[in-house]
Amino acid sequence: MTVETGHFALIVALILATVQATVPLWAARRGNHDLMILARHTAWGQLICVALAFCALIYAFARSDFSVAVVAMNSHSAKPFLYKLAATWGHHEGSLLLWILILVVFGALVATFGRGMPEPMRARVLAVQAMVAVGFLLFTLLTSNPFDRLDQLPLDGNSLNPLLQDPGLVFHPPLLYFGYVGLSTAFSFAVAALIEGRVTPDWARWTRPWVLIAWAGLTLGIALGSWWAYYELGWGGFWFWDPVENASFMPWLAATALLHCISVVAKRDSFKGWTLMLAILAFSLSLLGTFIVRSGLLTSVHAFATDPARGVFILALLGIAVGGAFLLFAIRAPSMEGGNGFAPVSREGALLLNNLLLATATATVLLGTMYPLVLEAVTGEKVSVGPPYFNATFVPLMLPMLAIMAVGPLLAWRQAKLLSALKQLWLAAIAAAALIAVSIWIGEAGVAGVIAMGLVAWLAIGTIYAWVRRWWGPGALRRLAGLPMEVHGMSLAHLGIAIVVAGITATSVWQSEAVRLMKTGDQVDMAGYSWTLDRVYDTLGPNYQAVRGEISIHNADGQKVAILYPERRFYPDSQQNTTEAAIHTNWMADLYGVLGEGSPRDGWAVRLYHNPLVPWMWIGSAIMALGGLVSASGRVRARRTRARAAEPANAAA
Amino acid sequence: MRRPDRMLKRLPYLLPLVIFAGLAVYLWDGLGKDPGRLPSALIDKPAPEFNLPPLEGRDPSQPLATDHLATGKPVLVNFFASWCGPCRVEHPILNAMAQEHGVTIHGINYKDRPEQARAFLRQLGDTYGRIGSDLDGRVGIEFGVYGIPETFVIDGQGRVRYRNPGPLDPETAEKIMALMETLE
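Here the protein sequences come in this chain order: C and H. Take the first sequence: its letters are residues 1 to 653, numbered as in the numbering used here. Take the second sequence: its letters are residues 654 to 837, numbered as in the numbering used here.
Hints are computed from structural coordinates only; laboratory data are not their basis. Computed from a prediction, not measured in an experiment: that's the story for all the values here. One or more hints might be untrue.
Distance windows between CB atoms, simulated [said to hold, decoys possible]:
#, chain 1, residue 1, chain 2, residue 2, range
1, C, Leu356, H, Gly675, 17 to 27 Å
2, C, Ala62, H, Asp697, 51 to 61 Å
3, H, Lys698, C, Ala437, 54 to 64 Å
4, H, Ala677, C, Arg30, 50 to 60 Å
5, C, Pro600, H, Pro701, 17 to 27 Å
6, H, Gly755, C, Glu444, 29 to 39 Å
7, H, Tyr679, C, Leu517, 42 to 52 Å
8, C, Ala62, H, Gly755, 46 to 56 Å
9, C, Ala62, H, Met830, 24 to 34 Å
10, C, Ile15, H, Glu702, 25 to 35 Å
11, H, Glu702, C, Val515, 21 to 31 Å
12, C, Ile48, H, Ala677, 29 to 39 Å
13, H, Ala677, C, Leu356, 50 to 60 Å
14, H, Gly675, C, Gly197, 23 to 33 Å
Lysine-lysine pairs mimicking DSSO-like chemistry, simulated, CA-CA at most 30 Å apart [stated by the list, open to error]:
#, chain 1, residue 1, chain 2, residue 2
15, C, Lys519, H, Lys726
16, H, Lys662, H, Lys764
17, C, Lys267, C, Lys417
18, C, Lys267, H, Lys764
19, H, Lys764, H, Lys726
The C-beta atom is built at its ideal place from N, Cα and C for all residues, glycine as well.
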């Protein structure tokens, strides 16, 4: 019964969304206030219905109801309970439902927290949000219904893949989707502005917090995915430039560009067309990412046809949403430009440069991801675009970006003096020179590595300086408290970037690796530590058997630093092996051990890594996301104080 | 004079739409194609050049390279991996082809961990002639595999004659063996 209730709730949600996609638009045009307000209620109605449907599906998975097709396909009665729940979104149909759930959550949030907006604007934003919901609900109900029943009841479910039994995979998709779908708000705001025919600094202020929240979610989602790859795949790598990763990275780059130029609209009323374009682009790339890679519908362009009904629907949906938005953009945006001029050397100029670099980087990644497919479709030739391409194109774009990031916040709006900004960065320059010297002294870093390390110091010190300069001096505490949240947020995010880049660079250039056949008692010296395989023994887990190694690590003084317990697990139910890397971190470096195959007689294949500064990538990403949230919170507060300030004026009038 | 000016100003705003339209047309073009029937671009052409080390743990003197395909006798090249479910499904059919009909099947272990591939073969049986270990998937790209499993029929001169994307079923296996007989 619950299953049918879920199905029914989805249909009701579709009806509500259809109403919300049409009536408020008409009402906003006519100035009918009552019907505009309808959108707020339908937004909440949609949320309740979709949440009900989602709970019904979770319930079906929790109870292992194998009469439901997706449960039979993607779960198993012997799965641990947490992973039964996670299986709810571990496949095409369920992940689509999760997607819709997050979409309507954002819709309801905009309905509730968009109080500062004029009613017609809010009605239009919610209508566009509902249009997206209509498309996705139709897609789900018509081609990917998660509530389809099976005629013949299977005895047990199909899937028991131990690789997917991992906490990283439980939380990775929801966070990533949170980011992807959060960008739908940027899309809705942009399209609503195009319908309305004007973009104002106020519009930018309403839109900005949503972009920031989505961006923070995307940042965490990408970091979590990278972390999962790092510890679960057991190769000591963290980023592979494969299409799945690129698909999440492209919207991130576009959203980063967007949240920078949106502040130009808010502050200076320029960059309007470009901002609208980026808002549409960011969400379009999210759609591309969700559909084409995450759902596995496009391993190559041809694999689309594995289910033509879905393929046609997806293309139609993309065509209407993206094509329609860009068409509207082409018609309406040219008349919206204007705003204030600025000199090449100014805050606007720096942000423009930032946007150009980010846009080029997005295009580079898009090209690298799609080019092999395009070329193959056109000429039949196969090429491989891998890390060498991305390292050769992406890294040179990011290095100047890091250099500008330290200078930009010191520049004034409209017109600034580059020389005086650079003079203020003398401390950052000294720090950069020092880190460059250290990098050269350590050696093996290569030119790009040395420059990157220098830029890390430049950016970190420059960011801290620019932040301190804002409040240092007489009355420091009062000035610090009065600083807008966006300044704190930006400083945090830029500092986070510096920390992430430090991690990426250090582990890329200074990783040490030893792959040995070791018998118990054997010792390997690497990276200033001695690694000893003390013993290897059998052990039992809840649903697996394991061979566990014990690797003790001593430092140069002979003190014991850590014991690693890497495992090779065997899951008898599914007859599969997994390798569990063991990681000891001291926050400056990871000591990373993997136990391979072997026997007591021949020894065991052991892979050992010393990965310097890897934890900094995760810490830095968290700081970046925090920066985004801090900045978003500031905007909300600024609006409330303004609203409060407006009240007495109204009362007086 | 003003009008062309305004048109020119509008042009950049059309750009996103035009680029998107191009991408959409290209995707639409791909839509009609059925991967099952889409012939490989390699059909009747020599198999791509490659040279792979053997799967770790098998005979180290038995690598798999292009030269091992042109032996005067048709052979099969099968892309597989332990992480691939359909590969498990088709594996008994490959075993039957090799054991009961004497077909030479070379395996290419695609983006897999060697120890897991060995476990896979221990469990399901190893009737491959040679197995090349394609850790980074480069040879898979050379062959243009869309997904695995995928099986190629190579004739005695080392030319690709047939490509089967997806798992083999008994019927396809019959067809492939019939084709290989005509090639001998």
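Would you list, in rising numerical order, the hints stated earlier that this structure does not obey? 4, 5, 6, 9, 10, 13, 15, 16 and 18
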